[in-house]
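2 protein chains.
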Amino acid sequence: MDKTRVAIVGLGTVGTGVARLLLDHGDRTARHAGRTLWLEAIVDRDTRRQRDVDLPAGLLTDDLSRITGNPAIQVVAELIGGLEPARTIVLELLRSGKDVVTANKALLAEHGAELFDTARALGRSIAFEASVAGGIPIIANISQCLSANQVLSLRGILNGTSNFIVTKMEEGMDYAAAVSTAQRMGFAEADPSMDVDGTDAVQKLAILAHLAFGARVHWRDIPRQGINTLHLADMRFACELGYRIKLLAVAELTQGVLELHVAPTLVRMGTPLAEVREAYNAISVIGDAVGPVFFHGLGAGQMPTASAVVADMIDTAVGRTGITFRTLELWSRREARVGIRDHADLKGRFYLRFTVEDHPGVMAQIAGVLGRHAVSIASIIQHEPDPASDGSLVPLVIMTHMTTEGATHQAMQELDRLPCVMPPSVRMRVLDRSES
Amino acid sequence: MDKTRVAIVGLGTVGTGVARLLLDHGDRTARHAGRTLWLEAIVDRDTRRQRDVDLPAGLLTDDLSRITGNPAIQVVAELIGGLEPARTIVLELLRSGKDVVTANKALLAEHGAELFDTARALGRSIAFEASVAGGIPIIANISQCLSANQVLSLRGILNGTSNFIVTKMEEGMDYAAAVSTAQRMGFAEADPSMDVDGTDAVQKLAILAHLAFGARVHWRDIPRQGINTLHLADMRFACELGYRIKLLAVAELTQGVLELHVAPTLVRMGTPLAEVREAYNAISVIGDAVGPVFFHGLGAGQMPTASAVVADMIDTAVGRTGITFRTLELWSRREARVGIRDHADLKGRFYLRFTVEDHPGVMAQIAGVLGRHAVSIASIIQHEPDPASDGSLVPLVIMTHMTTEGATHQAMQELDRLPCVMPPSVRMRVLDRSES
Numbered sequence: 001m002d003k004t005r006v007a008i009v010g011l012g013t014v015g016t017g018v019a020r021l022l023l024d025h026g027d028r029t030a031r032h033a034g035r036t037l038w039l040e041a042i043v044d045r046d047t048r049r050q051r052d053v054d055l056p057a058g059l060l061t062d063d064l065s066r067i068t069g070n071p072a073i074q075v076v077a078e079l080i081g082g083l084e085p086a087r088t089i090v091l092e093l094l095r096s097g098k099d100v101v102t103a104n105k106a107l108l109a110e111h112g113a114e115l116f117d118t119a120r121a122l123g124r125s126i127a128f129e130a131s132v133a134g135g136i137p138i139i140a141n142i143s144q145c146l147s148a149n150q151v152l153s154l155r156g157i158l159n160g161t162s163n164f165i166v167t168k169m170e171e172g173m174d175y176a177a178a179v180s181t182a183q184r185m186g187f188a189e190a191d192p193s194m195d196v197d198g199t200d201a202v203q204k205l206a207i208l209a210h211l212a213f214g215a216r217v218h219w220r221d222i223p224r225q226g227i228n229t230l231h232l233a234d235m236r237f238a239c240e241l242g243y244r245i246k247l248l249a250v251a252e253l254t255q256g257v258l259e260l261h262v263a264p265t266l267v268r269m270g271t272p273l274a275e276v277r278e279a280y281n282a283i284s285v286i287g288d289a290v291g292p293v294f295f296h297g298l299g300a301g302q303m304p305t306a307s308a309v310v311a312d313m314i315d316t317a318v319g320r321t322g323i324t325f326r327t328l329e330l331w332s333r334r335e336a337r338v339g340i341r342d343h344a345d346l347k348g349r350f351y352l353r354f355t356v357e358d359h360p361g362v363m364a365q366i367a368g369v370l371g372r373h374a375v376s377i378a379s380i381i382q383h384e385p386d387p388a389s390d391g392s393l394v395p396l397v398i399m400t401h402m403t404t405e406g407a408t409h410q411a412m413q414e415l416d417r418l419p420c421v422m423p424p425s426v427r428m429r430v431l432d433r434s435e436s
Numbered sequence: 001m002d003k004t005r006v007a008i009v010g011l012g013t014v015g016t017g018v019a020r021l022l023l024d025h026g027d028r029t030a031r032h033a034g035r036t037l038w039l040e041a042i043v044d045r046d047t048r049r050q051r052d053v054d055l056p057a058g059l060l061t062d063d064l065s066r067i068t069g070n071p072a073i074q075v076v077a078e079l080i081g082g083l084e085p086a087r088t089i090v091l092e093l094l095r096s097g098k099d100v101v102t103a104n105k106a107l108l109a110e111h112g113a114e115l116f117d118t119a120r121a122l123g124r125s126i127a128f129e130a131s132v133a134g135g136i137p138i139i140a141n142i143s144q145c146l147s148a149n150q151v152l153s154l155r156g157i158l159n160g161t162s163n164f165i166v167t168k169m170e171e172g173m174d175y176a177a178a179v180s181t182a183q184r185m186g187f188a189e190a191d192p193s194m195d196v197d198g199t200d201a202v203q204k205l206a207i208l209a210h211l212a213f214g215a216r217v218h219w220r221d222i223p224r225q226g227i228n229t230l231h232l233a234d235m236r237f238a239c240e241l242g243y244r245i246k247l248l249a250v251a252e253l254t255q256g257v258l259e260l261h262v263a264p265t266l267v268r269m270g271t272p273l274a275e276v277r278e279a280y281n282a283i284s285v286i287g288d289a290v291g292p293v294f295f296h297g298l299g300a301g302q303m304p305t306a307s308a309v310v311a312d313m314i315d316t317a318v319g320r321t322g323i324t325f326r327t328l329e330l331w332s333r334r335e336a337r338v339g340i341r342d343h344a345d346l347k348g349r350f351y352l353r354f355t356v357e358d359h360p361g362v363m364a365q366i367a368g369v370l371g372r373h374a375v376s377i378a379s380i381i382q383h384e385p386d387p388a389s390d391g392s393l394v395p396l397v398i399m400t401h402m403t404t405e406g407a408t409h410q411a412m413q414e415l416d417r418l419p420c421v422m423p424p425s426v427r428m429r430v431l432d433r434s435e436s
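For the record, the sequence lines run as chains A and B. Under our numbering, think of the first position of the first sequence as 1, with each following residue one higher. Under our numbering, think of the first position of the second sequence as 1, with each following residue one higher.
These aren't lab readings, by the way, just hints derived from the structure by calculation. No experiment lies behind these values; they were computed from the predicted model shown. Built from N, CA and C at the ideal position, the CB exists for glycine as well. Incorrect hints may appear among the rest.
[To be verified] Stretch by stretch, here's where chain A covers chain B in the computed footprint (C-beta under 8 angstroms, at least three residues):
1) 27-34
2) 148-161
3) 215-227
4) 300-312
5) 320-329
Looking at chain A on its own, in the form it has when it is part of the complex (with noise of 0.2 angstroms):
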């Protein structure tokens, strides 16, 4: 039987998934791949760490000229994370003559055109499946599958951390607990910023709509919000009104023109990414020919993500990555195919919640400047206040009709000036059964 000879740069927890997958289970490889895909080096510059992988002796080295100096390796998974070392060691791959396979979307991210452009010059190829949503395929499945397809709509729950930890607060917990139930039980790390203020939600955003769309834009560029500013009381109204929420990325076409952000959202029960519990992710694509697609699956995870990873080596040792590679001029300097719409001309109805005086005439004045900025109330709670406060401040929440993120933005901005109401008022985009 035919043998690539593989690599791995990076032996943390994925590493480590990888290496088990490809030295535990090489026949079920070679079964797939037509072929052994053979572990020849390990590189990383811890070499002392126990790991739980049994390493033939002599694999794992600290030297990454093992690997770039042996003619012999086809292709090598990059899995340090982060952009340095991790860019200069791709790029060092490439020119050594590697294919390459990585999991690391920060680095796709920030620097995916000049990794593409070099890979695409030296007539190699980059796979990033396991970049976006760990073990759901969604990379090969937009980019392949759906072909046929011009992409309308793509809606996913892209970080496992950010939903785990709505879900705990669904549950009743607040905020800070949840964060620390996340990371007691492994599902968020010691600093959790990148998940929870949506930064990962945002960089994998920017993969996909390059892909479904060829968008040219940074992640920098998308409209982003996190977690970090959800209350449990807003948890509460949105269940009393029939919603979960969701850190929703979104990119939609709509008259030839991409919307794109990722927020919390309201997502009304029952609908499939509403029930997306835990640290589950998933991925709502809307092709013109096939119609609503579903995907679920775990985001992240050491074996979830080593799925991937090995998926794309054997792609990559058969060759249809190459193939892929070539034909989808994936982050070329092209031009866009499509223009970003203006965050403020995004069309929805939104969630708003104020908490106000508990006085005559201030349902009133709340209206009046939602009036003058075309906003139109669909819905309102006002429950009776709390026998338990001091009574002069309530909870108000407006569901509003269709209107625009800049209608509502200002009319925000204006009523957080008023002296009945205590800002900061919290505001937040719904996502109708009819749409999800």
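Since chain A is already given, all that's left is putting chain B on it; use the hints.
What follows is chain B alone, placed relative to chain A:
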């Protein structure tokens, strides 16, 4: 730009959809394939009927030699359906040097080995994404995206017609009315027997079991029960117990042996498979590395199926299909990689419904027979007799603990002979939350 000449045999509903994608959206296939897919000929025995696509003059013909005799045509979609003349035509296409794309699950389930052996011998390929689950790209996902996994379990709602009918029955329609509604709305054919008796689902299951487990099993040898025996009473009892009834196709590896069956099954409400409505399909796959992955989409219909066919045509034109076809050794006559578990040994929980005489001692007799067959009772529903009925016969519903197909089957045969039981009794499998 490079050009790949392609053709279609069979201009029915799906063929028309494929023609529309190729003719009206050539830019799209050019972008995703890096080449033009040029529709060179369409063959159908009926060249006069009006179709919902604008065909350039001279494209449509009833002469297959316009394709087989034209060496410039490389890829042909066979969209006739049925066994003959589809089989003969596919063989002719392969022998004239064409790569074939097909949506014909019956053909593959019946003649897969012959067709694939012929294609291999001739150095050609057969792609068949559209043959299972229409718009859900389950073939590519199992054979490529999840290739680092040993699939452990595969559970699918693979027949949209049946799912539409059970959804209507859940809403209170009886079976006959639900079938008429499905026919009126275009979700069932004039003769829906292949759909409602489980044949269609079991043929698709045979293809998936082949791909995911290397099983070599003929679809006729897979135990199969359709929805044509479902009673409204069972839908209601299932609902009362917190379940929905779904026609599930199941392939599951336990201790290295494969369990295969298609049967109406009680699925716990709130789990993803239970919430699949109308004519949708869904597949839940568990891989040993990736964990659970869930796919949901339209399993039939013109454009979803055409989407899968055109994706296959693109994959074939660019060369990916050829690689997959060579490495996977599909339908080869090699030994099966797994044994198939005897149906009688299948473990599970069961829903049993009896029509019994309403007098003392009946429950003791039934419990006695079940006990002798080691079938343990988990719960019982027996309501007060309907005052409108004469009250002499009442339904008795029993949910069992874990037992086997064989034990419950034998117990039921004995029970149906008791004087206090009015046959036929009903027996269905139960899928609980932990398993789904």
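Here's how the hints hold up against the structure:
Look at the segment 27-34 of chain B against chain A: 6 of its residues bring a Cβ nearer than 8 angstroms to a Cβ of that chain, three or more, so the hint holds. Check result for the segment 148-161 of chain B against chain A: holds, 3 residues qualifying (beta carbon to beta carbon below 8 angstroms, three or more required). Closer than 8 angstroms: that is the beta-carbon criterion, and the segment 215-227 of chain B has 0 residues meeting it against chain A, so the requirement of 3 is violated. Given a C-beta distance limit of less than 8 angstroms, the hint that chain A covers the segment 300-312 of chain B holds, as 9 residues qualify and 3 suffice.
Here the segment 320-329 of chain B counts 7 residues with a CB under 8 angstroms from a CB of chain A, which clears the bar of 3, and the coverage holds.
Comparing the model with each earlier hint shows a violation of hint 3 alone; every other hint is respected.
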